[in-house]
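Undergrad: Sequence:
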Amino acid sequence: MTILLTVLGILVFLAGLLFSIAWHELGHLSTAKFFGIRVPQYMVGFGPTIWSRKKGDTEYGLKAIPMGGFIRMIGMFPPGPDGRIEARSTSPWRAMIEDARSAAYEELEPGDEKRLFYTRAPWKRVIVMFAGPFMNLVLAAVIFISVAMGFGFQTQTTTVAGVQKCVIAQSDKRDSCEKGDPVSPAQAAGLKEGDKIVAFNGKRVDDWTTLSNLIRGTIGPATVTVQRDGSERVLHATLAKNMVAAKDSNGEAVPDKYVPAGYLGFAASTEILPLTFTESVDRMGDMIGNGVESIIALPSKIPDLWSAAFGDGPRKDDSPVGVVGAARIGGEVLTLDIPAQNQIAMMLFLLAGFNLSLFLFNMLPLLPLDGGHIAGALWEAARRRVARLFKRPDPGPFDVARLMPVAYVVAGVFICFTLLVLVADVFNPVRIS
Numbered sequence: 001m002t003i004l005l006t007v008l009g010i011l012v013f014l015a016g017l018l019f020s021i022a023w024h025e026l027g028h029l030s031t032a033k034f035f036g037i038r039v040p041q042y043m044v045g046f047g048p049t050i051w052s053r054k055k056g057d058t059e060y061g062l063k064a065i066p067m068g069g070f071i072r073m074i075g076m077f078p079p080g081p082d083g084r085i086e087a088r089s090t091s092p093w094r095a096m097i098e099d100a101r102s103a104a105y106e107e108l109e110p111g112d113e114k115r116l117f118y119t120r121a122p123w124k125r126v127i128v129m130f131a132g133p134f135m136n137l138v139l140a141a142v143i144f145i146s147v148a149m150g151f152g153f154q155t156q157t158t159t160v161a162g163v164q165k166c167v168i169a170q171s172d173k174r175d176s177c178e179k180g181d182p183v184s185p186a187q188a189a190g191l192k193e194g195d196k197i198v199a200f201n202g203k204r205v206d207d208w209t210t211l212s213n214l215i216r217g218t219i220g221p222a223t224v225t226v227q228r229d230g231s232e233r234v235l236h237a238t239l240a241k242n243m244v245a246a247k248d249s250n251g252e253a254v255p256d257k258y259v260p261a262g263y264l265g266f267a268a269s270t271e272i273l274p275l276t277f278t279e280s281v282d283r284m285g286d287m288i289g290n291g292v293e294s295i296i297a298l299p300s301k302i303p304d305l306w307s308a309a310f311g312d313g314p315r316k317d318d319s320p321v322g323v324v325g326a327a328r329i330g331g332e333v334l335t336l337d338i339p340a341q342n343q344i345a346m347m348l349f350l351l352a353g354f355n356l357s358l359f360l361f362n363m364l365p366l367l368p369l370d371g372g373h374i375a376g377a378l379w380e381a382a383r384r385r386v387a388r389l390f391k392r393p394d395p396g397p398f399d400v401a402r403l404m405p406v407a408y409v410v411a412g413v414f415i416c417f418t419l420l421v422l423v424a425d426v427f428n429p430v431r432i433s
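My numbering puts the first residue of the sequence shown at 1, with every later residue one more than the last.
Keep in mind that the hints were calculated from the coordinates and are not lab data. One thing to keep in mind: the hints can contain errors.
[What the hints assert, rightly or not] Think about it this way: if two alpha-carbon atoms lie no more than 30 Å apart in a straight line, the pair counts; the simulated DSS-like pairs of lysine-lysine are:
hint: 1; residue 1: K192; residue 2: K165
hint: 2; residue 1: K301; residue 2: K257
hint: 3; residue 1: K165; residue 2: K196
hint: 4; residue 1: K54; residue 2: K124
These numbers come from a predicted model, not from an experiment.
Work the whole structure out from these sequences, hints included.
TA: Here you go:
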């Protein structure tokens with residue numbers, strides 16, 4: 001049964017993956033057609049074509065390997081200085097440029113001279129190339145906010161789940177009290193499991209973040225108002241100074257970093273609580289920020305990833321994960337002993353994270369990514385504006401094809417990194433619990 005659920009989870013995730021890719025390419029396709037650019041092909045997947053159908057002047061199809069997708073537009077690159085588009089050089093680097101230029105003119109038909117990508121204004125080309133990643137961002141936001149508002153996230157509350165009997169510095173990393181440890185302020189004040197803290201030092205509180213900050217900022221006498229057995233009562237505590245986990249700007253604990261702060265000594269219970277629209281948008285913003293930081297940190301993770309793939313190093317929780325690893329996690333979700341709605345929420349959240357990664361990754365200003373074409377169009381617009389400002393001749397289209405040698409190097413690096421992640425995903429995968 002476990003194997004069946006795992007396979008089902010993988011298939012469900014792959015279906016979501018294919019939809020995300022098709023959705024991305026639909027952004028490119030719809031805007032290209034809107035601006036009159038001819039698009040001969042719209043394909044989901046790579047490799048051999050397993051199904052296709054031609055409608056109008058575009059062939060729509062599915063390919064065998066669900067690892068990406070593409071649309072092919074006529075005239076992605078301008079012709080060379082002599083107006084010719086065929087390869088005409090024996091230089092390997094020059095051949096790359098001319099091969100790319102020739103491929104951009106495949107299936108050129110009469111009348112296509114006015115339907116070429118490079119002939120469109122730079123702002124139109126920016127829209128066409130940005131539309132694909134933007135579709136992934138929209139899909140990620142819709143999924144994430146829907147899950148956040150309709151289902152929620154596990155959230156610490158002001159209800160007491162347990163009371164610490166003594167004061168133990170969190171930096172000690174021990175759970176049991178030892179002789180000589182002072183009694184915790186919560187224990188001395190009579191705080192009990194199941195109490196709901198509704199006020200601290202007379203200030204009403206209804207969320208854990210506010211309560212935690214008030215406790216951490218207080219050392220010495222304090223009043224704790226709790227709701228117990230249907231009525232409120234005030235407890236008197238003397239908060240101790242203790243070494244507790246530091247928090248980042250998002251209020252999350254920073255691993256292995258501790259600061260002196262006020263200490264009451266109890267564990268907060270957790271519940272799955274829906275977020276408001278504003279809270280969901282804020283959380284989505286944090287997710288985007290974390291995604292940007294993760295992409296910047298990718299090079300620094302390569303040594304650990306190599307050790308996990310080819311050595312005996314552990315696979316860290318924040319290790320990069322590829323399509324195979326994400327599909328594997330999707331398979332594990334359906335095997336978890338949790339309610340079905342939790343499984344659905346986790347699967348949707350995984351899909352939202354994948355779409356956000358597609359958006360951020362494709363926005364890198366490097367060819368052959370969408371961000372590279374956007375950067376080329378913006379550079380063309382900038383140099384044309386400068387030429388007009390200084391009354392110089394129009395420099396014409398910026399020949400992005402000249403950057404193809406760099407694009408091949410970038411693609412090679414991406415391929416090597418993808419293979420490294422693939423090996424790690426197969427032999428030392430990230431697991432969930």
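Undergrad: Is the hinted pair K301 and K257 satisfied, with a Cα-Cα distance of at most 30 Å?
TA: Answer holds: K301 to K257 is near 21 Å, not above 30 Å.
Undergrad: Are K54 and K124 close enough, with their CA atoms no more than 30 Å apart?
TA: Within the cut-off at roughly 26 Å; holds.
Undergrad: Please work out if K165 and K196 have their alpha carbons no farther apart than 30 Å.
TA: Holds: K165 and K196 sit about 18 Å apart, inside 30 Å.
Undergrad: Check the hint pairing K192 with K165 against an upper bound of 30 Å on the C-alpha distance.
TA: Answer holds: K192 to K165 is near 11 Å, not above 30 Å.
Consistency with the previously given hints is maintained throughout, with no hint failing.
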